[in-house]
Amino acid sequence: MDISRREFTKIGCKVIIGATAGTAIVESFIINSIGAENSNAQGGYDWENHFWGYVIDTTKCIGCGRCANACKLENKVPFDEEVYRTWIERYRVKKTSLETREEEVVIDSPNGGIDEFVDDIPAEEINKAFYVPKICNHCDNAPCVQVCPVGATFVTKDGVVLVDYEYCIGCRYCIQGCPYGARYFNIEKGTADKCTWCYHRITKGLLPACVQACPTGARKFGDLKDNNSEVKKIIDEERINLLKPDLGTKPKVFYIGLDREVK
Amino acid sequence: MLENLIWGYVYPNESEIQWSILIVLYPYITGLVAGAFIASSLYHVFGKKEIRPVARFALLTALSFLLVAMLPLLVHLGRPERGIEIMFTPHLTSAMSGFGYIFSFYLIIVVLEIWLSFREDIVKTALSSHGWKELLYSSLALFSFDISEKALHDDENFARKLAIIGIPSAAFLHGYVGFIFGGIKANPWWSTPLMPIIFLMSAIVSGIALLILIYIVAMKIRKHAIDHKCLQSLAHYLWIFLILDVTLELLEIISMKYASREDIDIINRLLSDKIAFTFWGVQLTLGIFIPFVLLLMVSLMKKRDTLKLIMISISSIFVVIGVFAMRWNVVIGGQEISKSLVGTLTYVPVFFSQEGVLPAIIIFILPFIILRVVTSILPPWKDMDEETPELTKVSKT
Amino acid sequence: MQPHLKRAFTLLALVIIAFILVRSLVVPESFGQYGWYRGASVNELRDLPVNYAGSTSCGEENCHQIIYSVWVKDRHKTVNCETCHGPAEKHVLNAREPLTPANDTRDYCGKCHSKGIARPELFPQIDQETHGQDLRCVYCHNPHKPWFV
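Protein sequences appear in the order of chains A, B and C. Numbering follows this note's numbering, with no gaps: position 183 of the first sequence is 183. Numbering follows this note's numbering, with no gaps: position 310 of the second sequence is 573. Numbering follows this note's numbering, with no gaps: position 21 of the third sequence is 681.
This is chain A alone, in the form it adopts within the complex (with noise of 0.2 Å):
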């Protein structure tokens, strides 16, 4: 076969170019969009054993703000921004006169819970008045997972909804994307930022920050992977409820005594 030097310049550059882009494009595309059942088993740790769910009871929650000043010790999240992980709302539902029917009620939160709620309403107007602790539900079909652009925040194969600090842009369409009002902004990092349930420490055997500060046992955590676990049976036996469930994010935070009044 007779070809020019220049025919078999062009034909050879074509080639070259073409195997180059092929290969990149495989190894880019194609191996990155398998999810591989790969298991991750790091120091004894094996996530395919664990799924982890959270257990809140407000009948018994007074309200002292230790679970939210625990969290902002042991993660680091900035006292001197309101930011939280986890804070406790207090709901007081206020007499209602027969003829309006609607029920008034003040809600609040100072500092997340972690200083004082003041008494200041006077407690012959009050009905009922209860706390409810709040933190991240992650769940099982996270709105804020969905809307992350890059990938930079995941569910985990043991339950956790995670961000990955070094991958976030800090667009903070995840913040706008939970109805839970879970995700905050963190200034320092320039990335969106939550509860993560003290993975850290979950990971070792020992329980989120929050859960070992509460006095009362109205934060519970275990595996409802192990059916001897408390959480698992309240799950299991009691009755429970979700926080907005008609959004179908199918949270893994169940209350115990969640009142209609519960936004």
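A few of these clues could be false.
[As the list claims (entries may be wrong)] Which chain B residues stay away from chain A? Per the calculated CB distances, all over 10 Å, these:
| no. | residue |
| --- | --- |
| 1 | V308 |
| 2 | S367 |
| 3 | L375 |
| 4 | E397 |
| 5 | T455 |
| 6 | W502 |
| 7 | N531 |
| 8 | T548 |
| 9 | I573 |
| 10 | P642 |
[As the list claims (entries may be wrong)] Derived BS3-like pairs: lysine-lysine, alpha-carbon spacing no greater than 30 Å straight-line:
| no. | chain 1 | residue 1 | chain 2 | residue 2 |
| --- | --- | --- | --- | --- |
| 11 | B | K448 | A | K244 |
| 12 | C | K666 | A | K14 |
| 13 | C | K733 | A | K233 |
| 14 | B | K566 | B | K448 |
| 15 | B | K492 | B | K565 |
| 16 | C | K737 | A | K232 |
| 17 | C | K666 | A | K204 |
| 18 | B | K396 | B | K413 |
| 19 | A | K250 | B | K520 |
| 20 | C | K737 | C | K750 |
| 21 | A | K250 | B | K424 |
| 22 | C | K737 | A | K233 |
| 23 | C | K775 | A | K60 |
Keep in mind that the hints were calculated from the coordinates and are not lab data. The structure displayed is predicted, hence computed values, not measured ones. Backbone N, C-alpha and C define an ideal beta-carbon position, used for all residues, glycine too.
On the provided structure of chain A, position chains B and C as indicated by the hints.
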């Protein structure tokens, strides 16, 4: 001071509003791009000859704004140096992940369109100039100087095919932004399937209005006669799209009120208090109803070109302001209601701040500067001369 | 196809290939390992430092065994040592690391025990104004064995 900014109960993490005026500016700019492109397509695809004088000018306007579109987002990001991740690992479940590829695809189409429609002029300029000017235009022509009948005819065919792809691309470029908001079930003010199409309609409206204004200003600067037939035709299309726009915007409000779900109380508060002025006053009355009436009168009146010109100008200015208010009401309004549904916040724009009013103003002025530069490299003025040769260089219309 | 169009498309193709090459260099290796995210971050997040040790660490042999055995039998056994004494992991690893002294003011005990309308009825609460004059609570109540007055 702080007490006035917050009413009711807002989640503790919501105390600061995350998406600022820059995020209001981004859909505004891409809306202008989409609108200018659609206006140009009225000639390139649908063959409306009255639009011909401004068709290429519209493309250049679209490009100028498109080049700036990425800026407000980059400035807003917490980690702008990682912004390229959107192109490297777009998370396809997220509407926002479309940004990189949709934007790039659309940019390529607009650049190709402009290149093909200006190629004859580029080659002619390249062949008749010397020195750095020859180099510039020769590189723009990609060192290929064939402007025979066949070549130009092929160019035109290809340009038309591109414009046909361009229309859904423009719709996508702006529609996906609407979907970014419309898909957020957490926010009752944003969550509606109508959002992409509302955004698109108001985009087209703002694009045409801006085109009208830039055209009038450009003609005044160049002391050139205004093609009233072209202008009134544009005004007519503006009027039609205004009707579509207002129908959709009102439909959304009416549906919400009719369905009257759990969120209706906070939506009512939003519309009657937080954004009452910017919504009823600026977006609807100033931005839609007044232009609607003025443009209706314009299409009914006969002759009286100067008066029509004034009415069209006023309508266009109002529309351009009104669409900005619409973006403001969506982005800022949606964040001024708390996800607790029983509280509101207030956005206080800061002037001197990384995400403040000053960067917004600078970013918005940039496209006009770029347009000035682009029109001196690729002048579209002869399109306008050809239609009104006898009125060229007349200072009074 | 016209030569100028061929050139335009070649230029475009080169840009796209350059993009793909850069991408394959820049995107982190572990991306996509378990899903659409950087696999290495899972281990990074597991390795963050722990600050709260937990009460059982306090009661270890050769440490605070005695006070622990008192505390663990009484009502405050649900109150973590570190809630009053501050995060102690560093101290557990190196006993010379000091802890901030426990806050034993009326206000601090009041964080849990002052009367609050939203607190459950049966939870022990006192009216700060009338209970215990103005003395610090620890004057009468041993925080590690609070029912022993």
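Cross-check of the supplied hints:
1. V308: holds, 32 Å
2. S367: holds, 15 Å
3. L375: holds, 21 Å
4. E397: Check passes; 28 Å lies beyond 10 Å.
5. T455: At roughly 15 Å from the nearest Cβ of chain A, T455 (chain B) sits farther out than 10 Å, so the non-interface label holds.
6. W502: Check passes; 35 Å lies beyond 10 Å.
7. N531: holds, 14 Å
8. T548: holds, 29 Å
9. I573: Given a closest Cβ separation of 42 Å, the condition holds.
10. P642: holds, 37 Å
11. B:K448 with A:K244: Satisfied, since the Cα-Cα distance of roughly 11 Å is no more than 30 Å.
12. C:K666 with A:K14: holds, 14 Å
13. C:K733 with A:K233: Measuring from Cα to Cα gives roughly 26 Å; hence the hint holds.
14. B:K566 with B:K448: At roughly 51 Å apart (the allowed maximum being 30 Å), K448 (chain B) and K566 (chain B) break the hint.
15. B:K492 with B:K565: The given pair, whose Cα atoms are some 12 Å apart, holds under the 30 Å limit.
16. C:K737 with A:K232: holds, 24 Å
17. C:K666 with A:K204: It is violated: about 61 Å lies between the C-alpha atoms, which goes past 30 Å.
18. B:K396 with B:K413: Holds - the C-alpha atoms of K413 (chain B) and K396 (chain B) are around 27 Å apart, at most 30 Å.
19. A:K250 with B:K520: Roughly 28 Å separates the two Cα atoms, so the pair holds.
20. C:K737 with C:K750: holds, 22 Å
21. A:K250 with B:K424: The hint is violated at about 46 Å.
22. C:K737 with A:K233: Measuring from Cα to Cα gives roughly 23 Å; hence the hint holds.
23. C:K775 with A:K60: holds, 15 Å
Comparing the model with each earlier hint shows violations of hints 14, 17, 21; every other hint is respected.
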